[in-house]
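Chemist: Listed in order, the protein sequences are those of chains H and G.
First residue of the first sequence: 1, per the working numbering; consecutive thereafter.
First residue of the second sequence: 1001, per the working numbering; consecutive thereafter.
Heads up, a few of these hints could be off.
[Stated by the list, open to error] Once the Cα atoms are required to be at most 30 Å apart in a straight line, the calculated DSSO-like pairs of lysine-lysine come out as:
| hint | chain 1 | residue 1 | chain 2 | residue 2 |
| --- | --- | --- | --- | --- |
| 1 | H | Lys480 | G | Lys1341 |
| 2 | H | Lys396 | G | Lys1231 |
| 3 | G | Lys1396 | H | Lys483 |
| 4 | G | Lys1235 | H | Lys414 |
| 5 | G | Lys1268 | H | Lys480 |
| 6 | G | Lys1348 | H | Lys480 |
| 7 | H | Lys480 | G | Lys1109 |
| 8 | G | Lys1231 | G | Lys1282 |
| 9 | G | Lys1457 | H | Lys405 |
| 10 | G | Lys1231 | G | Lys1057 |
| 11 | G | Lys1348 | H | Lys457 |
| 12 | G | Lys1231 | H | Lys480 |
| 13 | H | Lys268 | H | Lys61 |
| 14 | G | Lys1057 | G | Lys1235 |
| 15 | H | Lys57 | G | Lys1109 |
| 16 | G | Lys1306 | H | Lys417 |
| 17 | G | Lys1231 | H | Lys231 |
| 18 | H | Lys109 | G | Lys1414 |
| 19 | G | Lys1059 | H | Lys480 |
| 20 | G | Lys1338 | H | Lys405 |
| 21 | G | Lys1457 | H | Lys480 |
| 22 | G | Lys1235 | H | Lys457 |
| 23 | H | Lys483 | G | Lys1414 |
| 24 | H | Lys341 | H | Lys396 |
| 25 | G | Lys1480 | H | Lys109 |
| 26 | G | Lys1059 | H | Lys341 |
| 27 | G | Lys1457 | H | Lys457 |
| 28 | H | Lys396 | H | Lys417 |
| 29 | H | Lys483 | G | Lys1281 |
| 30 | H | Lys57 | H | Lys483 |
Source of the hints: derived by calculation from the structure; they are not laboratory data.
2 protein chains.
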Amino acid sequence: MNTLNLYNTLTRKKEVFEPLHAPNVGMYVCGPTVYGDPHLGHARPAITFDLVFRYLKLKYKVRYVRNITDVGHLENDADEGEDKIAKKARLEQLEPMEVAQYYIDRYHKFMDMLNVQRPSIEPRATGHIPEQIEAIQQILDAGYAYESNGSVYFDVPKYNKDYHYGKLSGRVLDELLATTRDNLDSQHEKRNPADFALWKKASPEHIMRWNSPWSIGFPGWHVECTAMGCKYLGKTFDIHGGGMDLQFPHHESEIAQACIANNAEPAKYWMHNNMITIDGKKMGKSLGNFITLEQFFTGDHPSLEKAYSPMTIRFFILQAHYRSTLDFSNEALQAAEKGLKRLQEAKKTLQTLTPGTNFQPTPTLEISLLSTFCKSAMNDDFSSPLVIACLFDAAKIINSAKDGKTPLLNDGIKALKELFDVYYTQILGLSDEADSNNSELIDGLMQMILDIRQQAKTNRDYATSDHIRDALTALNIVVKDGKDGASWSF
Amino acid sequence: MNTLNLYNTLTRKKEVFEPLHAPNVGMYVCGPTVYGDPHLGHARPAITFDLVFRYLKLKYKVRYVRNITDVGHLENDADEGEDKIAKKARLEQLEPMEVAQYYIDRYHKFMDMLNVQRPSIEPRATGHIPEQIEAIQQILDAGYAYESNGSVYFDVPKYNKDYHYGKLSGRVLDELLATTRDNLDSQHEKRNPADFALWKKASPEHIMRWNSPWSIGFPGWHVECTAMGCKYLGKTFDIHGGGMDLQFPHHESEIAQACIANNAEPAKYWMHNNMITIDGKKMGKSLGNFITLEQFFTGDHPSLEKAYSPMTIRFFILQAHYRSTLDFSNEALQAAEKGLKRLQEAKKTLQTLTPGTNFQPTPTLEISLLSTFCKSAMNDDFSSPLVIACLFDAAKIINSAKDGKTPLLNDGIKALKELFDVYYTQILGLSDEADSNNSELIDGLMQMILDIRQQAKTNRDYATSDHIRDALTALNIVVKDGKDGASWSF
Chain H
1 MNTLNLYNTL TRKKEVFEPL HAPNVGMYVC GPTVYGDPHL GHARPAITFD LVFRYLKLKY
61 KVRYVRNITD VGHLENDADE GEDKIAKKAR LEQLEPMEVA QYYIDRYHKF MDMLNVQRPS
121 IEPRATGHIP EQIEAIQQIL DAGYAYESNG SVYFDVPKYN KDYHYGKLSG RVLDELLATT
181 RDNLDSQHEK RNPADFALWK KASPEHIMRW NSPWSIGFPG WHVECTAMGC KYLGKTFDIH
241 GGGMDLQFPH HESEIAQACI ANNAEPAKYW MHNNMITIDG KKMGKSLGNF ITLEQFFTGD
301 HPSLEKAYSP MTIRFFILQA HYRSTLDFSN EALQAAEKGL KRLQEAKKTL QTLTPGTNFQ
361 PTPTLEISLL STFCKSAMND DFSSPLVIAC LFDAAKIINS AKDGKTPLLN DGIKALKELF
421 DVYYTQILGL SDEADSNNSE LIDGLMQMIL DIRQQAKTNR DYATSDHIRD ALTALNIVVK
481 DGKDGASWSF
Chain G
1001 MNTLNLYNTL TRKKEVFEPL HAPNVGMYVC GPTVYGDPHL GHARPAITFD LVFRYLKLKY
1061 KVRYVRNITD VGHLENDADE GEDKIAKKAR LEQLEPMEVA QYYIDRYHKF MDMLNVQRPS
1121 IEPRATGHIP EQIEAIQQIL DAGYAYESNG SVYFDVPKYN KDYHYGKLSG RVLDELLATT
1181 RDNLDSQHEK RNPADFALWK KASPEHIMRW NSPWSIGFPG WHVECTAMGC KYLGKTFDIH
1241 GGGMDLQFPH HESEIAQACI ANNAEPAKYW MHNNMITIDG KKMGKSLGNF ITLEQFFTGD
1301 HPSLEKAYSP MTIRFFILQA HYRSTLDFSN EALQAAEKGL KRLQEAKKTL QTLTPGTNFQ
1361 PTPTLEISLL STFCKSAMND DFSSPLVIAC LFDAAKIINS AKDGKTPLLN DGIKALKELF
1421 DVYYTQILGL SDEADSNNSE LIDGLMQMIL DIRQQAKTNR DYATSDHIRD ALTALNIVVK
1481 DGKDGASWSF
């Protein structure tokens, strides 16, 4: 495939990607809710759309917006009542923004470790209250929302008469009406159980609150993405992405909001990554079976047999197609670790290969075909597993050349280097792991070298001890001999 | 000094620090304007208040707010006119938030390298438009501001009749009136030249704009800090900090705004770090003599003789008291580099010292006095240069013990370790530099070891080659012998 095809959830088929305003591409992805430590479930959408971002950037000028949902549900202790809280010094109160900032910093830290590139813009929900109020007002003015007791709700049945609520998720409104349950305290405010909140009046204990034309309160969950997507990417942009669990009600409601507020479909292509499962069940907080990224990196969790490096986690995720479920197991992670290591070593070996003089080298054509396969795989809905399979084939060729069985010509080596540079490094975003134990390792190696040097001196083998001294000098390392043995410094 | 004393710009004297709501402490510091790459002038306030934050945290529960000024002055090409711009797709337009996000990410990256801890909350000006509009409305309602052609100005002479405009900076309003010049286009809107903008109506080419009761526009520079300080720290908080160049008009105006909008002094203590100079002149963009942090770290600037590491920059800044000017020169930076290295090596040596049996060891009392001196220095308005001087004294003691001249008792070693842990690591925030060339170094050391091993094999010195193999195995390194020599992997 020479052109990019991607699976559009909206049409339920693969479509040729044609940007609305080439060479510009706008992509909006639902980011984290920052009230908990980032876990494996956060890593999958981040890495999936990082893959998309990296690939699109090779051809287009991409503006990638990934929001931060920091409108939280933190509440003060209800027992204290509003008065007592008001009397407390501001500083003595729980400040939701301090909690949010903590988890934003943690999210960035772990995404950096996973080599996920920062989006072009990372807007926060709390930073766009006026834009959200404006969108709500437009929906009210158009007659598709109503105010009830200081809150504002979207009128889903009315919308569904004129448009189609369910076009993305395939849900049918009548069935929804029969099964929807909501928290009791707002159910009586709604005309219909399927209606969703655009603005909620704050209860006394709710500590994130803003003025609005309707009440002191806070925006509903879905409206932030409508307001921020439109603000930074325009009324209709190219790609809207997120986890599959966001299809309904979040993305379905975003479409409804945008159709009324902006009179436009928000996105041309909708992309959804599938879920991570554990023993066949969805990994999630409610099931108590989720594992944080920090736990993966330290190995400190009862379900983990060992620690797994950030690049192992990234590779594990990329080894599955983003639309397939991905089942967590120690076996699968260890297989990913082994596979990644094979590629890392092949990449390292590649740097040391010299062109062979054998009469039957691996044909350069075969190598250039690998590059064609990789491109086709990416163009076929970002098929990272196929790209990885191609890289394993390349590793075989490299190892065979290293063993002297099938040497490579200069062009072949060059083509393999380019293959790894483009697909392994740039597109899959696999980096050579920065080993946090480097300084320990350096100490170990230096100790070994100083021991050998000492032994050489004892043996009056001055050729060796002089060689060591000179080689260390070349590395800017100074050795000082002291009473208790030699020490070294830079 | 057993209690913390700090110099309060407001009273022009050192005062005992007494928090308003101990054990809580609220501190607000003016952060970066994110429309340029971070330079040395950004590093000084960040490191100064990082020192304060780190020290206060040892005793108090500190909420440290440092804002990001992302309300910028980016304009579309005026020649295009409003209509043309409106017709352009959103994606094809310059998006100020994309520029801001880029520089926010750069700022974080370089502050992390300088080991500056993240503040508790990092609010953005654009994320607090409703709060700013509210503060402006309160000032209007109180009669200390007026609307003029869609903009809102603070009435400085009226405020000065009832309060004192100039109490922080020492400026005298009458003199200001005689000398103030402003940009011509807003001067006709003001009743007085000294009045400052609370809200500015946006000109057609201004691309950051919000609705307000007065016009589609954007907030004035000073009001963001009043709104965000109050929101996250309360009407009056403990410490307000920033660079000395912010005293006037920024901080003077913040006081005026808070006195009217909140009927309260915003901060009990005002702290200002002094400027960085170069050849005696202030380093700044306008003089074309500023150097970015990236340039320092790479050495890529005509004024730099070499690259300086992040910790050298940090140490250079901490070697001066924050209220003194700090003159940039290559000599001063190289002296800082040398001094830091001396402390780093002393700290390393300390780990290897064994208690001496000499009858005349360095008295432990002398060491514990160093700790007392360090504490007094910090309590005397955060005197980091004196703390560093104490650490140099400690380094002398350590080196003397290492040379066997004056050994240390167990208690002495323990006390020195604690001194370095508390003052060097925790308070001054000096970290052992993560050497970015580690992998190169490891490759170099491994090459040396493999050469020695090869030589030993050639010499039939199997004792040495076996020793090397075993020692490498202990470090989890596998050596493979191939046709073109040995290679290694983990």
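Chemist: Are any of the numbered hints broken by this structure? If so, which, sorted upward?
Modeler: Going through the list in order, the structure violates hints 2, 4, 5, 7, 8, 12, 16, 18, 19, 20, 22, 25, 26, 29, 30 and respects the others.
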